Amino acid sequence: MKLILHVWRQKNPAQAGRMVRYEANDVNPDMSMVELLDVVNEELILKSEEPIAFEHDCREGICGSCGFMINGIAHGPEAATTVCQLSMRHFKDGDELYIEPWRAKAFPIIKDLVVDRSAFDRIIEAGGYISVPTGSAPDGNVILVPKDASDRAMDAAACIGCGACVAACPNASAALFTGAKIAHLGLLPQGQPERHQRALSMVRQFNAEQFGSCTNIGECEAVCPKEIKLEVIARMNRDFIHASLS
Amino acid sequence: MLLDSRAPSGPIEKLWDQARFEMKLVNPANKRKHTIIVVGSGLAGASAAATLGELGYNVKCFCFQDSPRRAHSIAAQGGINAAKNYHGDGDSVFRLFYDTLKGGDFRSREPNVYRLAQISVDIIDQCVAQGVPFAREYGGTLANRSFGGAQVSRTFYARGQTGQQLLLGAYQALERQVDSGHVQMFPRTEMLDLVVVDGHARGIVTRNLVTGRIESHAADSVVLATGGYGNVYFLSTNAKGSNCTAIWRAYKHGAAFANPCFTQIHPTCIPVSGEYQSKLTLMSESLRNDGRIWVPKKAKDKRPPNQIPEDERDYYLERRYPSFGNLVPRDVASRNAKAVCDEGRGVGETGLGVYLDFSDAIRQFGVDLVRERYGNLFEMYQRITDEDPYKVPMRIYPAMHYAMGGLWVDYFLMSTIPGLFVTGEANFSDHGANRLGASALMQGLSDGYFVLPYTVGDYIAGTKLEKIDASHSAFTRAEAGVTELTARLLGIQGRRTVDWFHRRLGKIMWDDCGMSRTAAGLESAISQIRELREEYWKDVKVAGSADDLNQSLEKAGRVADFFELGELMCLDALHRKESCGGHFREEYQTADGEAQRNDEEFSYVAAWEYKGADQAPVLHKEPLTFEYVHPSQRSYK
Ligand SMILES: Cc1cc2nc3c(=O)[nH]c(=O)nc-3n(C[C@H](O)[C@H](O)[C@H](O)COP(=O)(O)OP(=O)(O)OC[C@H]3O[C@@H](n4cnc5c(N)ncnc54)[C@H](O)[C@@H]3O)c2cc1C
Ligand code: SF4
Ligand code: FES
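As they're listed, the protein sequences go chains A and B.
Its first residue numbered 43, the first sequence is counted upward by one per residue in my numbering.
Its first residue numbered 958, the second sequence is counted upward by one per residue in my numbering.
I should point out that these hints are in silico values taken from the structure, not numbers from a laboratory.
None of these values were measured; they are calculated from a predicted model.
Heads up, the beta-carbon is just placed ideally off N, CA and C, and yes, glycines get one too.
Be aware that one or more of the hints could be misleading.
Not everything, but these chain B residues come out facing chain A in the computed CB check (under 10 Å) [unchecked claim]:
id: 1; residue: E1011
id: 2; residue: R1026
id: 3; residue: Y1043
id: 4; residue: D1046
id: 5; residue: Q1083
id: 6; residue: G1097
id: 7; residue: G1126
id: 8; residue: V1135
id: 9; residue: M1142
id: 10; residue: N1195
id: 11; residue: G1231
Calculated cross-link-like contacts (lysine-lysine; reagent style DSBU-like; alpha-carbon spacing at most 30 Å) [unchecked claim]:
id: 12; chain 1: B; residue 1: K1464; chain 2: A; residue 2: K44
id: 13; chain 1: B; residue 1: K1421; chain 2: B; residue 2: K1059
id: 14; chain 1: B; residue 1: K1464; chain 2: A; residue 2: K89
id: 15; chain 1: B; residue 1: K990; chain 2: B; residue 2: K1421
Stretches of chain A that chain B covers, calculated by requiring three or more beta carbons in the stretch to come under 8 Å of a beta carbon on chain B [stated by the list, open to error]:
id: 16; region: 121-129
id: 17; region: 144-152
id: 18; region: 161-167
id: 19; region: 184-196
Extracted from the complex, chain A is given alone in its bound form (with noise of 0.2 Å):
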């Protein structure tokens, strides 16, 4: 099959970005989407032009590296997919794809589809850990944790760091990412004494860097390839606003 794909080139923060067309002829369905990119990006080559700069390292959803617009939805029309597994079986011959990176104020871009996103290191850096030096653990069996915590901190922990959150949030908001590590921490008995001193931290490291606030409009929890709830944000206003009171 083929497709038409429409491209956001830019060299670097400095320089202005543009879309560019390129044709796919011989596009398999079984392709990834990244897979797509490789076959353009070896045609570019061989014709001395630049590849197209994008993230990408497991190729199995689970490192957050990829990551990209498709026609204005964050990693494209497939729910609960990175763009490293949407196949392109997907898409039927004739189709336009208009592929751009992530874009918010929090998330510089630095070339192509490739954008900063250390800002998340950061909010994890202000408190997303428990303080447990090494070796000072008692056995792993002398807590016990409710199955069902333990399940639905598993949830929230499979938060992949990607970003799609806050490129598919009109306000560019953080809130589900931050929220699913508050939430992850917080639903476990290991994490209860650093509980609210962590909200506080990482909203303040949040709010610190250029991400908007969170108004409710759910577009990060559409997107979101690991499904994370937006229950995991009212989690974290509560423990923020408790944290703030006491």
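Given chain A, work out where chain B with the ligands should sit, using these hints.
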């Protein structure tokens, strides 16, 4: 070159205690004056960097991804072993030690493996305390499953995302140290050379992957935690960026490379579907607990699976290995899949596949239970193949997965270059010729949280190092070398892309140094690799420039190293005239086609020393002795 394992002697269960007692300590007030470089932020690197930072050292940690959280460890699915014996099913430290040594086909060092089994229990405690959401029983205790053929339930897991959760635990511990100022993180930074001064590892030279800047970093000790080299085969289950560059460049400075030919082919991966294919996806081997593997009895039988009657199917693993059946170790399962496909009985369009069938399990336990156990894996399979495994059997085929070989290290995880430590998949230490499922995560965290923090300290306390910084001439020389290599790659401007070459290299390695090997095949592989490498340096085309983000250039440097490593792997496979673990030499098999080890001649670690670009590497042997476990022929019949 001296290969002294420095393993203490005495009763095996006391060795690690004794070694720790004998180690020299660094005065706490002085720790921050010592800089330690950790290259890699996977399980091995992140755990080491976090713990060293916590101890007060000044740590610099590097990774090539945009965040340490994305290291390839994130992709591990199945689980992590630990000898907790929470189920009272007969597990113990000694049994885990025994299983690991036997699973590795008696090609690893007893004291290291024993220590690994001992530490395994502390890892679980540490990770639970960090908030890793391991699966739980209804009573709130930790759940376990049996994995990869183990006959006890010792595998801890977090759904199908164990690696992700363990890595996030380590990453968060690392970020805590970044926050406290003990660790400085350098993401999007690739190590391109090691700097050795007066025989000691004293730093690295890196390229900033965004600006292209070549930079030097000096230190008192360097830790490499850069992962495995499975991507030498081009197609593998590894992440696309996984590479051998850091360990290869250290090898060129005198770090011995051990058992490079010991690679693991995983039996349950989704088969290759086309020319464009960029990587292979692993299907967790837990599927073999309930799925039955078969092919048609007749060659070239193109009927759809549901039209092949029961008596025309060959459940070949159950037939050949009645006691282990579908749960034989990875190497055995992979080799048998290849054998039936070589006989023309493979399935799917390419004939390179076997069925993994759940229809009996669905009949027996009901679709709901099967969904509960494997739902996410079935979904993943369907996403990729567009086939529904609840209705049609899965098709699977082996794929390159893990490198047991790596840089040689002693009991203290130090390489043959003093001050250079190697950890995780990048070293050769604990898995012998074959790794058991759920043991790599255990090894990475054992090394990083519990071994290196002691042994690096011992080295620093016991070594008088001259004060140097990055202005030392050794750094300027290394920087010049790296800059020149980059310019050379960009200057060729030939007619073929890096991937074009990489695919061809991978094909040679897979055909001749993959699941089964012969002397003739290996010799031909060596000459083909040399030819292709020569062509590479004349005809490769790398786009873009040296001074900005250039992914094509990054790949080009990595593939240049893969060529050289590939040749060494073949050389090692050629010299090892026996079959053991993942290394199967067709010439050395028993009458019924099983691997035939030769302990008399090959019970040693093969450590290769680099002698220069146009010289053959020199082989050194570290003899392996077994005091506690007597080597026996593995049998899964
Ligand atoms: C699909 C899959 C599933 C698996 N499942 C399991 C399982 O269930 N259980 C189990 O025990 N094992 C499993 N394994 C194996 C296990 O995941 C790996 O062996 C292990 O995670 C390796 O960890 P590591 O820390 O050594 O390296 P990695 O996690 O690969 O980390 C390497 C690090 O080094 C950095 N790096 C590399 N080169 C450079 C350079 N030149 N400069 C700077 N940085 C560099 C990278 O950025 C990265 O941070 C699985 C492997 C795969 C592929
Ligand atoms: S919450 Fe979802 S969309 Fe946001 S970073 Fe995590 S996985 Fe990506
Ligand atoms: S490349 Fe890892 S999630 Fe897509």
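A closest beta-carbon separation below 10 Å is what the hint needs, so does G1231 (chain B) meet it against chain A? 5 Å, holds
Hey, does the G1097 (chain B) contact hint survive, CB to chain A under 10 Å? Since chain A brings a Cβ to about 3 Å from G1097 (chain B), closer than 10 Å, the hint holds.
Hint E1011 (chain B) vs chain A: min CB-CB distance below 10 Å? Constraint on E1011 (chain B) satisfied, holds at 6 Å.
Whether chain B covers the region 121-129 of chain A (at least 3 residues having a Cβ closer than 8 Å to its Cβ atoms): With 3 residues in contact (Cβ-Cβ under 8 Å with chain B), the coverage given for the region 121-129 of chain A holds.
Is K990 (chain B) within 30 Å of K1421 (chain B), Cα to Cα? 14 Å, holds
Hey, K1421 (chain B) versus K1059 (chain B), does the alpha-carbon distance stay inside 30 Å? 40 Å, violated
With chain A as the partner, please determine if G1126 (chain B) meets the hint condition of a C-beta pair closer than 10 Å. Constraint on G1126 (chain B) satisfied, holds at 8 Å.
Outcome, coverage hint (the region 161-167 of chain A, chain B; C-beta under 8 Å; three residues): holds (count 4)
Quick check on the hint: R1026 (chain B) CB to chain A CB, less than 10 Å? Status holds, d = 6 Å.
Between the region 144-152 of chain A and chain B, are there enough contacts, at least three residues with CB-CB distance under 8 Å, for the coverage claim to hold? Three-residue rule not met by the region 144-152 of chain A, so violated; n is 1.
Between the region 184-196 of chain A and chain B, are there enough contacts, at least three residues with CB-CB distance under 8 Å, for the coverage claim to hold? Per the Cβ count (9), the hint holds.
M1142 (chain B) as chain A interface residue, shortest Cβ-Cβ below 10 Å: 8 Å, holds
Comparing the model with each numbered hint stated earlier shows that hints 4, 13 and 17 do not hold.
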